[in-house]
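First to last, the protein sequences are chains A and B. According to our numbering, the first sequence is numbered sequentially starting from 1. According to our numbering, the second sequence is numbered sequentially starting from 166.
In short, the hints are calculated from the structure, not lab data. By construction, the Cβ of each residue, glycine as well, lies at the ideal position given by its N, Cα and C atoms. Just so you know, nobody snuck in bad clues.
Covered stretches of chain A, going by a simulated chain B footprint (3 or more residues, C-beta under 8 angstroms):
#1 24-35
#2 128-142
If you only want the chain B side, here are some residues facing chain A, beta carbon under 7 angstroms, derived:
#3 V184
#4 L188
#5 G192
#6 N198
#7 I200
#8 T201
#9 L208
#10 G225
#11 V231
#12 V233
#13 L237
#14 A241
#15 V246
#16 L248
#17 G249
#18 I252
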Amino acid sequence: MMDAVLFYLFAALAVGSALVVIGQKNPMYSAFALIVTLCSVSVIFALLGSPFIAVLQVIVYAGAIMVLFLFVLMLLNVRREEEGARPQGGRVLQVVALALVALLGAQAAVVLLQVEPGPAPSFDASTRAMAAVLFSPRYLYVFEATSILILAALVGAVVLAKKEL
Amino acid sequence: MPAMSHPAFVHHAVLLSLVLFALGTLGVFLRRNVITVLMCIELMLNGVNLAFAAFSRAAGTLDGQVLVFFVLVVAAAEAAVGLGIVIALHRHRDTLDLDAFHLMKG
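Same shape as in the complex, but just chain A (with noise of 0.2 angstroms):
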């Protein structure tokens, strides 16, 4: 019962921030909105009962993440969306953009809802189990790979915000 209150209420506070998120001209409220949404879902995650994923999400993303982009932030002392007028035709794209993603929102929610759900199995998401699989034969090359990846994107983003590109 509990689990259900906690679940509705941060699923409903996931979706408000989301649309606080979309919504806001000022991108420092979106990225304080954005940080509500990470947190909200954190608890999601805990509640579906993978508590190392949900610990991960504070950390990795509303942590390290969400504080990278209020820095540029307020580097770039960003204030407000420019106002004016969009180029020729960019009204009617967006229009058409926007009535896609609706008609696969509504595919999605119609296949969804048509799916009979069954009983959970039992399930096992401590950080020793979550370890075992991260580590066994099956993922541990991507796991090397993430590390290559990583420090691609360290020296990438050094030398992009070089002073001479």
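Go by the hints and put chain B onto chain A.
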């Protein structure tokens, strides 16, 4: 029966992920600030992560959770490189309006 193992829970988590992904897509189309668009992409990635976690819960295997881990890593790399590009763009054009960036030439 505890609510945790309630099947509708997983179901509603997938619906929530759908809503988050759709809102993120909407934001990418609506907003004009590069940084806000990047944040909307993070929102979409989060919706995908939630779907992975929910399906992992429904299937009873940990593979979905491992995928969430990798998506987190890619999201961190994407944010670092993306914001580096934003800083370089701001230095060259002195604006963050997406409509101002329509040339491949520096």
